[in-house]
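As they're listed, the protein sequences go chains U and C. Residue numbers for the first sequence follow full-length UniProt numbering, so the first one is 1 and each next one is one higher. Residue numbers for the second sequence follow full-length UniProt numbering, so the first one is 1 and each next one is one higher.
Calculated directly from the structure, the hints in this document are not laboratory data. Any given hint might turn out to be false.
[Claimed, not checked] Listed below are several chain C residues computed to face chain U (Cβ distance under 8 Å; list not exhaustive):
| no. | residue |
| --- | --- |
| 1 | H56 |
| 2 | A75 |
| 3 | V78 |
| 4 | R83 |
| 5 | L88 |
| 6 | P93 |
| 7 | V94 |
| 8 | A108 |
| 9 | H194 |
Glycine included, C-beta positions come from ideal geometry on N, C-alpha and C.
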Amino acid sequence: MTAEITTEKARIGAPSIAGFTEEGEALVPAKVDHSHNHGVTVMSSRAERLTSFDVADFALPTGREEEWRFTPVRGLANLFSDAATDGEAAVFTVEAPEGYLRGSLAQGAAPRGSVLTPADRAAVVASANTDEALHVVIPADAEPAEPVRILVDGAGAGRRSNAHFVLEAGANSRSVVIVEHTGAADHNGNLEVIVGEGAHLTVISVQLWEDDARHLGQHDAQVGKDAVYKHIAVSLGGSVVRLNSNVRFSGEGAEAELLGLYFADAGQHLEHRSFVDHNVANCKSNVLYKGALQGKNAHTVWVGDVLIQKQALGTDSYEKNQNLVLTDGCRADSVPNLEIETGLIEGAGHASSTGRFDDEHLFYLMARGIPEEVARRLVVRGFLNEIIQQIKVPALEERLTEAVERELAATNS
Amino acid sequence: MSTLEIKDLHVSIDTEQGTKEILKGVSLTIRTGETHAIMGPNGSGKSTLASTIAGHPRYNVTGGTITLDGEDVLAMSVDERARAGVFLAMQYPVEVPGVTMTNFLRTAKTAIDGEAPALRTWTKDVKAAMQQLRIDADFAQRNVNEGFSGGEKKRVEILQLELFKPKFAVLDETDSGLDVDALKVVSEGVNRAHATGNMGTLLITHYTRILRYIKPDFVHVFVNGQVVEEGGPELADRLEEEGYDRYAAGAGSAAAAAAVQA
């Protein structure tokens with residue numbers, strides 16, 4: 001028995017691609033495949049993807065669209081409908097120093113809409129049905145001692161919730177913002193992030209939903225000159241979670257890091273899409289998503305797009321996805337896409353690997369005296385720790401480590 | 001002084017064609033300080049014996065016993081056997097994703113000893129053992145066996161043997177796939193572990209080559225799931241010259257005799 005593991009490489013049936021290794025691709029200008037399709041598939045540029053504030057521009061997804069082909073769209077009608085929030089379907093709480101919460105922004109009230117334009121049906125209905133977007137500003141030069149927390153607590157499964165948050169990190173500020181999702185709801189959540197010049201901002205989106213929650217989200221960031229932006233998506237709960245984390249730049253010398261950690265159980269669909277748009281020269285990006293899967297029909301998806309535009313000279317970018325399959329019956333889809341319009345860059349690499357923890361691994365560890373449960377924990381903890389240790393908020397790291405252990409314990413019962 | 005005793009061991013595996021008996025009554029006694037070589041052609045059941053001692057779930061014991069100082073090894077789980085002092089150096093060590101060598105070695109040592117090793121001496125011991133086996137220091141931060149060459153994997157098996165200090169070591173074709181230099185390094189490691197005087201060794205091999213570096217006290221020739229001849233080190237020399245052919249012929253005539261009787 002083997003788990004069903006698919007990668008884009010396998011799907012398009014390319015047996016071996018010159019220059020392609022597990023470690024990624026070593027690109028030299030002379031060898032750059034500009035559309036980066038290895039001559040196999042024809043796909044329009046990521047830059048051409050439709051974005052709009054008009055709900056009418058986005059038809060209901062059928063599952064045949066490129067951006068919805070992995071998602072179980074049939075069950076998501078409630079999230080796609082152009083509908084208002086169902087009463088208090090979710091309670092939002094902001095924990096931040098005095099003055100950070102600036103009230104709300106109406107449709108079209110700047111800076112709302114300056115960075116995030118909806119890119120799919122879920123995001124556009126969330127935007128259209130959120131009259132008052134929560135507006136949080138970290139003042140210039142501020143270095144709050146504690147993370148800013150935005151808590152989203154769903155009031156009940158199947159209840160439609162729309163949200164749009166606007167987050168601004170002032171110039172040269174240093175801060176961490178945690179957006180935490182608990183409870184249950186059918187939640188469409190947009191997050192719009194403006195990172196000012198020289199600011200360092202870490203946004204951690206934590207999905208600790210109950211089992212029957214569904215969550216679609218678009219998180220867009222624009223990173224200013226010499227600023228450092230880190231987005232970490234941690235998805236453990238919920239029946240369907242689909243998060244798009246997108247970033248572009250407004251000045252040179254900026255860095256973006258998009259990280260993710262997910263653990264899918266039986267029947268769970270956890271999907272993460274990242275898009276780094278290198279639209280400005282001399283910026284750096286790094287994308288790393290790691291996921292574990294266990295149980296029948298546990299399904300994870302990662303689609304990573306990196307676009308290096310013609311003017312983005314000196315770009316340095318890398319993206320990687322790694323999955324660890326713990327039991328039979330899981331499916332991990334992994335699609336790294338790299339579009340390069342200039343060869344004058346520092347580096348551009350991508351990699352994807354899906355490994356399996358099976359009876360032979362277990363036998364090896366047990367033959368060294370390690371009990372079965374410890375062996376499983378050792379492997380999963382080791383694998384996911386690379387992301388957890390990037391969080392650098394000890395209390396949250398601890399909570400997430402415990403949450404991962406609980407996920408693991410569920411396998412054995 | 002410990003004794004590992006195997007008595008009339010029968011082992012089968014499940015195949016698509018049904019149950020297949022691989023070990024057909026094997027008896028062996030190994031004591032602390034002794035080195036036993038098990039030699040035999042491919043498919044004779046040598047590796048099955050090794051895996052059965054360690055408790056690999058693929059192998060079903062249908063008869064006989066394995067005891068360690070009188071304790072029933074067959075009743076123990078895989079990890080309990082390791083903690084009781086049985087170590088199997090595997091023929092094909094698997095790559096374990098997500099676990100660094102450092103973390104793995106410390107976790108295993110803690111499990112085997114029942115307490116965490118003293119950090120300072122442990123780090124020093126690991127470093128020294130790695131150096132002696134000519135394993136690069138950066139292996140400590142790499143995942144277990146991930147991307148290691150065949151020879152590197154075998155050296156890492158012997159590293160574990162030296163660090164875990166088992167009562168009995170079963171080496172399953174540790175020599176296969178090694179060049180002469182690596183074979184020497186690995187053999188020295190086994191000899192160091194043996195020289196402590198607290199270990200018994202069961203060396204499973206197809207070739208006599210490794211016996212130039214590790215001297216056996218006893219040699220057992222394995223053919224078709226049974227021990228067909230036993231002797232001292234001189235038996236290995238004879239095998240080097242004559243190969244296994246004469247046993248194959250003998251097995252053929254025995255089968256013919258059985259056919260006549262039936």
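| task | Would you check whether P93(C) satisfies its interface hint, that is, whether its CB is within less than 8 Å of any CB in chain U? | result | Given a least distance of 7 Å, the restraint on P93(C) holds.
| field | Hint status (Cβ of R83(C) to nearest Cβ of chain U, threshold 8 Å) | value | It holds, given that the least Cβ distance between R83(C) and chain U is near 5 Å, below 8 Å.
| query | Was the hint right that L88(C) lines chain U, CB cutoff 8 Å? | reply | Nearest chain U Cβ about 6 Å off; hint holds.
| query | Does H56(C) pass the interface check with chain U, least Cβ-Cβ distance below 8 Å? | reply | holds, 6 Å
| task | Tell me if V78(C) is really an interface residue toward chain U, meaning its C-beta lies closer than 8 Å to one of theirs. | result | holds, 4 Å
| task | Against chain U, run the beta carbon of V94(C) and see if the smallest gap drops under 8 Å. | result | Given a least distance of 5 Å, the restraint on V94(C) holds.
| task | Double-check H194(C) for me: the hint is only fine if its C-beta lies closer than 8 Å to a C-beta in chain U. | result | violated, 20 Å
| Agreement of hint A75(C) with chain U interface, Cβ distance less than 8 Å | violated, 15 Å
| chain U contact restraint on A108(C) - CB to CB distance below 8 Å | Holds - the Cβ of A108(C) comes within 8 Å of chain U, reaching about 4 Å at its closest.
In summary, the numbered hints that this structure violates are 2 and 9.
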